[in-house]
Amino acid sequence: MSYTSIAESDHEHHLHDPQTFISKYIWSQDHKVIAIQYAMTAIAVGLIALVLSGMMRLQLAFPESFSFITPSNYIQFVTMHGMIMVIYLLTALFLGGFGNYLIPLMCGTRDMVFPYLNMLSYWVYLLSVIILVASFFVPGGPTGAGWTLYPPQAIMPGTPGTDWGILLMLISLGVFIIAFTMGGLNYVTTVLQARCKGMTLMRMPLTVWGIFTATILGLLAFPALLVSAIMMTLDKTLGTSFFMPAVMSLGETTAYGGGSPILFQHLFWFFGHPEVYIVALPAFGMVSDILSTHARKSIFGYRMMVWAIVAIGALSFVVWAHHMYVSGMNPYFGFFFATTTLIIAIPTAIKVYNWVLTLWRGNIRFTVPMLFAIGFIFTFTHGGLTGLFLGNVTVDLPLSDTYFVVGHFHMVMGVSPVLVVFGAIYHWFPKITGRMLNTTLGKWHFWTTLLGTYSIYLPMHYIGILGAPRRYFAYGNTDFLPDSVQSINVSITVAALIVGFVQLIFLFNLIWSLKHGEKADGNPWEATTLEWQTPDTPPKHGNWGAELPVVHRWAYDYSVPGAPTDFTPQNEPHHGDHDSMEPESMDPERKDEPSPEQSEDQH
Amino acid sequence: MNPSTLAIALLIAVVVWGVIVRKLTVKPWVQQPAGEHLEGIEPFTQPAAKVAFYFLLAVITSLFLLFFTAYNMRMSPHHGGDWHPVTEPNLLWLNTGLLILSSVTMQWARRLAVLGNQDKLFLALIGGGLLTLAFLGGQLVAWDQMQASGQYSLINPASAFFYLLTAVHGFHLIGGLVVWARTLIKIKTGASVESLNLTVELCSLYWHYLLVVWLALFALLVST
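Just so you know, the protein sequences line up as chains P and A, in that order.
Under our numbering, the first residue of the first sequence carries the number 1078, and numbering increases by one thereafter.
Under our numbering, the first residue of the second sequence carries the number -8, and numbering increases by one thereafter.
These are computed hints drawn from the structure, not numbers from a lab.
Check before you lean on any hint, since a few could be wrong.
Said to hold, decoys possible - Computed footprint of chain P on chain A; a stretch qualifies when at least three of its residues, placed anywhere within it, have a C-beta under 8 Å from a C-beta of chain P:
(1) -4 to 4
(2) 42 to 50
(3) 56 to 65
(4) 136 to 148
All residues carry an ideal CB built from backbone N, CA and C; glycine is no exception.
Here chain P stands alone, though its shape is the one from the complex:
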């Protein structure tokens, strides 16, 4: 299954060469343009979510100082910040943005297999974003149900946005899922069907593996969110009682009867937990490629890395109820889910060890992308370790509603993927635009972001253990919290505002470098993967000029002993004399299938 007639055939006539500005940049069917559209939309909506978090922090540090932040506003900010960051920013950016840009280039094809569907996917995604943002402008404002949208409170009076906000949220999610499904079918089919000659599955860069597996997770998990959104919409609009129990509202009995809020939680988290890995797996893949490239070493344990990605993906479907320990469940189920949760630590730890071992004795170049990738190893390990605490039922129960959890999940799926996003943008920006990002600004951006996020989230673990509850607008006279919690909150807010403003450096760098950045040649990092071997930079429509590339080796031939350079591109054929220098050929003992570790030793 190495290649297909699709990649081989004269594909050009399917490509609809753009003729006008509109068909080139607006209604474009080119995966690279669609990727940039996805990324820009995701980043724009992510900036809204960033501002919301700044307002939350202002309120927590200086309660009663800001008249425009009311308790209702606060909980609306919490909700919208969470939902936007998880779904509309990270999912869309990793899969719609990086997935779109990198899959065809890394697999050596001219475009996605269904370019029209790909275009449609972006525009439907944009529609979902518009519907979501519209909820800021409707009567009652956006929903304040929390990003988990738990019924019954999500649709009962008393929660902000129960008239319009919650409906727009549910509709927007439904529309997003349609967009994601269109994109996702494209990514999966392109990876399976359109790889160039010689590109076997096990020669694919880990970035593609991460995106591919995450897409499959998304395709199977998003329906759970759709099911819960449909049923909740019916509870809200028609008065069904799928989730709504018999409940009193404002002193009066409602028409609802007998529904099951727990059922919603199961459906939501059956989506919600795989969602964590929908974000994490592409990040894992990209960080692997960045580390390997800038350490000038093959990734340590490639096969194990692939297996770990697949294993994590499969396991992520059987851990969801660890989000529901506080909702109450049969103790045996609690035991089961604690066990599966802790088992996920094994493949995840394998990945972390392999990243570290990739760095070991590497010829490390401390470029900006490399800094972000190494920063990721730190933040992800810290976030992952607190996950081991929370995976246990008895530890989770007292900590679940505290800032410990906020600190945990922001480290593991806020900061860590975002560091990878930054690293990936610094890494691939030269390919996308033909210019390098400014390194000095990049290093400032990195150090302030890394140290800043640590000063935000480490103290949160501490105040969480003290018992500071999350989602609260203000603590008032809370006897069990020492005054120092308030001081820490001020300090966290100051750090958060600094980190927020520092992102302006990054935005400035992006815009400034577009025109004034140092010109990049086609392969500035001296990388092996196919996207760096395109005839043009940025790649033109169709990516590869007249001839599709042919792949002769895996994606990680760095520092091969005897090779003329310390990197050998995937499309470089094996030359006779060069072959004799290959490690396997140099040592006849090892010619028969060296283990990954042996292979690594030689490098």
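Based on the hints, put chain A in the right spot on chain P.
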């Protein structure tokens, strides 16, 4: 938590693993003799549209399995305890027959497309589509009958699920009918039978698939 959810999740995991695992034992860092990396590996001969179609079916399967699981969970006394079984109209049996016929007709159309018989293909497609429309009409009548028999209740989850699940299934058929209509237009505008072969094949597979979904759904509805 429902054991069936767990079983479904495990099944998905096993299938994903089983499909991929054979590919995962290669050692890509070992240099292969020149040419070997291109030969001896079967090209993936399925058309891309078909692969995407199978993934779409996986997505829809996930959707329906989750609905069925929600149905089962809501039925249990632990999740409400207010389930009052409804009696489904007998008309559903007739509707089931119509859907089976439409599926058979679609299969006939697929055969005709392979044989290249354009005239009969058009008729077969028309027949399959009309039978499907008859099924959908029948479902609407069944909705009316439910209401007429006093079983329409938004509060009773059994009744609400009946309407919801039949509607979701119907919407998927309507989606199929959109493709069906496009195919008819293509035939009328002179597209060759060969160029429609794949579309007709996927249509027939989709119809069979939705028939299976309906049979499972119908069994669930009548048995509870």
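Status of each hint after checking the structure:
1. -4 to 4: Answer holds; 6 residues pass the 8 Å Cβ test.
2. 42 to 50: holds (count 6)
3. 56 to 65: holds (count 5)
4. 136 to 148: Result for this restraint: holds, n = 3.
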